[in-house]
Amino acid sequence: MSTAAATGSVSPLAQFWRDFRRNRVALVALAVVVLIVFVAVFAAFIVPQDPYDLKSLVLRDARRPPGYVGRDGMLHLLGTDSQGRDLLSAIVYGLRISLQMGLMAGAIAFAIGAVVGCSAAYIGGRLEALIMRIVDIQLSFPAILLAFVVAAVLGQGKEQLILALVFAQYAYFVRTAHGAAAAERQKDYVQAALSVPMGGWFVITRHILPNALPPLIVVATVQVASAISLEATLSFLGVGLPATEPSLGMLIANGFQYLMSGRYWIAIYPGVALIILIMAINLVGDQIRDQLNPRLRK
Amino acid sequence: MASFIIHRFAQALVVLLVMSVLVFAGVYVIGNPVDVLISPDATQAIRQQVIEQYGFDLPIWRQYLQFLQRLLTGDLGQSFVFNMPVGTLVAQKLPATLELTLVAVLFASAVGIPLGVYAGYRPDGKVSRAIMAASILGFSVPTFWIGLLLIMVFAVQLGILPAGGRGATRDLFGVPFSFLTLDGWSHLLLPALNLSLFKMAMMCRLAASGTREVMLTDTIKFARAAGIPERTILRRHVLKLISIPLVTVFGLELGSTLAFALVTETIFSWPGLGKLIVDSITSLDRPVMVAYLMLVSALFVVINLCVDLAYAALDPRLRHGKY
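For the record, the sequence lines run as chains H and R.
Position 199 of the first sequence, counted from 1, bears residue number 212 in our numbering, the numbering being contiguous throughout.
Position 145 of the second sequence, counted from 1, bears residue number 196 in our numbering, the numbering being contiguous throughout.
No lab work stands behind these hints, which were simulated from the structure alone.
All the given hints hold, so there is nothing to weed out.
Simulated coverage check for chain H against chain R, where a stretch passes if three residues somewhere in it have a Cβ under 8 Å from a Cβ of chain R:
hint, region
1, 152-161
2, 239-246
3, 263-273
4, 276-289
Just the calculated beta-carbon pair ranges, DEER-fashion:
hint, chain 1, residue 1, chain 2, residue 2, range
5, R, S54, H, G212, 38 to 46 Å
6, H, L48, R, S54, 56 to 64 Å
7, H, W214, R, V298, 41 to 49 Å
Where is the CB? At the ideal position from N, CA and C, for every residue including glycine.
With the sequences and hints as input, model every part of the structure.
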């Protein structure tokens with residue numbers, strides 16, 4: 014890498030950040046992700062209206078175009094939906110739910126993948142072969158199909174949907190963790206640690222897992238983005254979240270029926286929010302992947 | 052080699068069997084079909100008759116064995132909603148889905164690969180950056196939302212293309228297809244484009260990263276040193292080297308596009324398998340769900356088997372010795 018890293022004056026993390034900063038697009042994307050997370054966390058203090066408070070909804074203000082000023086004098090910057098709900102507020106709350114689902118599913122799948130993948134590589138033998146065979150078979154089915162079937166079978170609900178997303182995605186993490194861990198397992202320092210002997214769990218957590226982390230982080234960014242997209246798709250198809258917890262996908266589905274009559278904003282703006290979120294995560298992930306890819310290093 | 056093939060076949064069978072158990076168990080947890088089939092004010096006698104007719108009174112494992120037996124004899128049961136054999140129903144819907152999928156995948160390859168090779172060849176050019184940015188967009192935008200956008204622009208605002216349906220069809224070997232008529236094409240265009248965008252972005256990115264890596268290899272350095280024109284290097288060497296992963300992905304994507312078609316078909320009311328399964332889940336039409344899931348898993352098992360066998364034929368390590 015650069016001279017600073019070679020002289021040892023800069024920590025690897027600082028060097029990583031220095032390389033990351035060089036890509037303007039990725040930097041902007043990172044800022045967008047941070048901003049969206051901030052907005053989602055503090056949604057209640059930011060939005061003009063609590064979209065779940067039925068008392069504050071004025072039905073006569075339903076389906077108004079962007080920029081409409083409601084009867085109570087409130088400005089609806091992005092218009093209102095079919096129940097007179099301020100669309101901007103609904104989108105912010107929708108983002109919050111979508112982000113929550115994506116992060117939860119991603120974190121659980123990450124944990125399962127790291128533990129199962131590293132353990133399989135450490136244990137080896139028949140168990141490893143069996144686990145990886147199952148993972149391979151599962152990976153041959155498209156994630157959308159697996160998630161759709163599981164979500165349909167389990168029914169609507171937050172926990173059910175997270176389970177469906179985890180089921181559709183954990184195999185990617187297992188495969189990645191296993192690949193990295195199996196390479197690490199062969200190295201001399203792991204062999205040395207085992208010959209001391211140190212406990213298996215200790216070796217996995219202290220030596221193998223940290224070295225399997227970089228590729229896992231890359232997969233995690235991609236998978237969180239795809240989990241958010243999957244969740245929206247499932248909710249759009251009607252097998253995702255219940256109507257009481259409108260994620261972005263649900264908002265879009267609700268707006269679909271008004272699209273034909275030209276009331277485009279109800280379906281389009283939640284979609285724009287969704288795309289900005291997914292794209293920003295993907296751009297950040299792309300940059301991290303490029304930086305970690307040894308074949309592209311100069 | 053022979054043992055490899057036998058091993059893979061056995062594994063495929065096991066996978067199918069496991070899938071059948073999972074599908075059956077999963078589908079029979081969803082709800083009580085008796086409530087769906089019989090109106091609430093039906094007499095107890097009619098209720099009993101329907102339950103016996105469909106075997107809902109038997110223990111679950113007996114129902115499964117019956118189900119397996121029917122599956123093996125090709126009898127997939129009767130759709131609760133359409134009141135016709137599921138086999139016939141699926142056979143009716145399959146051509147529409149296959150047509151849509153095939154057009155989408157071909158479209159994705161024809162556009163995505165050349166763009167990707169160009170972007171990988173000149174990774175720092177302005178056009179390449181635009182291509183890669185567009186591919187990230189295509190990767191990030193959920194299929195269903197692009198579908199809405201396409202409908203909004205081309206069907207509602209411009210009014211030049213229809214928003215749904217299959218349009219006029221013409222029979223080929225007794226099966227109706229849309230791509231044989233002009234009206235059919237006008238109906239096919241939007242859904243096919245919608246379905247292909249994600250694959251197009253994927254093909255593009257694969258081709259780009261492949262090309263980028265291949266361009267750094269010694270093969271290309273030597274070819275350049277030998278004075279071979281760039282155009283020839285691209286066509287002869289780069290395309291050949293990146294084609295292996297692309298062909299694999301093409302095969303596998305055919306299957307996953309089939310699965311993704313359920314989103315596109317729902318939006319564009321394309322009367323194919325995907326719309327059938329979404330509708331049948333909402334209406335708890337279990338025989339249709341079971342048939343669809345079994346068909347798709349069988350399809351995937353067959354595709355994977357073919358890919359593995361093709362690898363075995365190509366890879367000398369697999370051809371000769373242990374796998």
